[in-house]
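Asker: Sequence:
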Amino acid sequence: SKISLTYYNINYKNQIASYLSDLTILQQTNQLGGLVTRCPSAACTALVNQYTTGPGALPILGPPLANPSVFVNGLEENLGATKTQGLDLIGSYAFRTPLPGRWSTDLSANVTTQYDVKFTPTGAYFNVLNTIGYPLRLRMRGDLGWAIGPFTTKLFVNFVNGYTNNETTPSQS
Numbered sequence: 012s013k014i015s016l017t018y019y020n021i022n023y024k025n026q027i028a029s030y031l032s033d034l035t036i037l038q039q040t041n042q043l044g045g046l047v048t049r050c051p052s053a054a055c056t057a058l059v060n061q062y063t064t065g066p067g068a069l070p071i072l073g074p075p076l077a078n079p080s081v082f083v084n085g086l087e088e089n090l091g092a093t094k095t096q097g098l099d100l101i102g103s104y105a106f107r108t109p110l111p112g113r114w115s116t117d118l119s120a121n122v123t124t125q126y127d128v129k130f131t132p133t134g135a136y137f138n139v140l141n142t143i144g145y146p147l148r149l150r151m152r153g154d155l156g157w158a159i160g161p162f163t164t165k166l167f168v169n170f171v172n173g174y175t176n177n178e179t180t181p182s183q184s
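Going by the numbering used here, the sequence shown opens with residue 12, and the numbers climb by one from there.
Keep in mind that a hint or two might mislead.
Think about it this way: if two alpha-carbon atoms lie no more than 16 Å apart in a straight line, the pair counts; the simulated EDC-like pairs of lysine to aspartate or glutamate are [unchecked claim]:
1) K94 - D117
2) K24 - D99
3) K165 - D117
4) K13 - D154
5) K129 - E88
6) K24 - D117
7) K13 - E87
8) K165 - E178
9) K13 - D117
10) K24 - D127
Calculated directly from the structure, the hints in this document are not laboratory data.
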């Protein structure tokens, strides 16, 4: 018989990210506001000039837009951060019965109690636990095993709690 319980608390900083391929970036200005500059403004003009005609100009195909409405910084940078904590549980138990063979049972579980992210250094943390593409609060796997001689068989049961798909409007469970 064995049981193990582990608490974890992890704080990732300076995660490399680029959001240019995210087609919903303009709908996420609360989280990604530092990467989106609305035009016309002096800040937008300065950014357009920096990347099209300035000393750090990037190669572009065709002429720059005459009147852009928005500038999105799509460079890969150390932008994000994640705070997560939770518990991992692993347990096993072997036992005998009046039936022939050896019996065992195992359980593993992960309970994530926090999963907060921020997409930019100046952005606010927000909770994404139990949303599509992010960790779930509870995952478990249990099994019952039986072995006799060189043969072993196990019956597994998995559980994963539900999550919210916030990629659709309205959100779906």
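Asker: Determine for every hint whether it applies to the structure shown.
Answerer: Structure-based check of all given hints:
1. Our distance criterion of 16 Å between C-alpha atoms is broken by K94 and D117, whose separation comes to about 30 Å.
2. For a cut-off of 16 Å, the pair hint linking K24 to D99 is broken: about 23 Å separates their Cα positions.
3. Distance restraint check for K165 and D117: the Cα-Cα separation of roughly 10 Å lies within the 16 Å cut-off, and the hinted pair is therefore satisfied.
4. For the suggested pair K13 and D154, the alpha carbons sit about 15 Å apart, so the restraint of at most 16 Å is met.
5. About 14 Å separates the Cα atoms of K129 and E88, which keeps this hinted pair within 16 Å; it holds.
6. Annotation: proposed proximity of K24 to D117 is violated, straight-line Cα distance about 35 Å (limit 16 Å).
7. With a C-alpha separation of about 45 Å, the suggested pairing of K13 with E87 is violated against the 16 Å cut-off.
8. This hinted pair does not check out: K165 and E178 have alpha carbons roughly 38 Å apart, beyond 16 Å.
9. For the suggested pair K13 and D117, the alpha carbons sit about 9 Å apart, so the restraint of at most 16 Å is met.
10. Restraint check for K24 and D127: satisfied, since their Cα atoms lie roughly 12 Å apart, inside the 16 Å limit.
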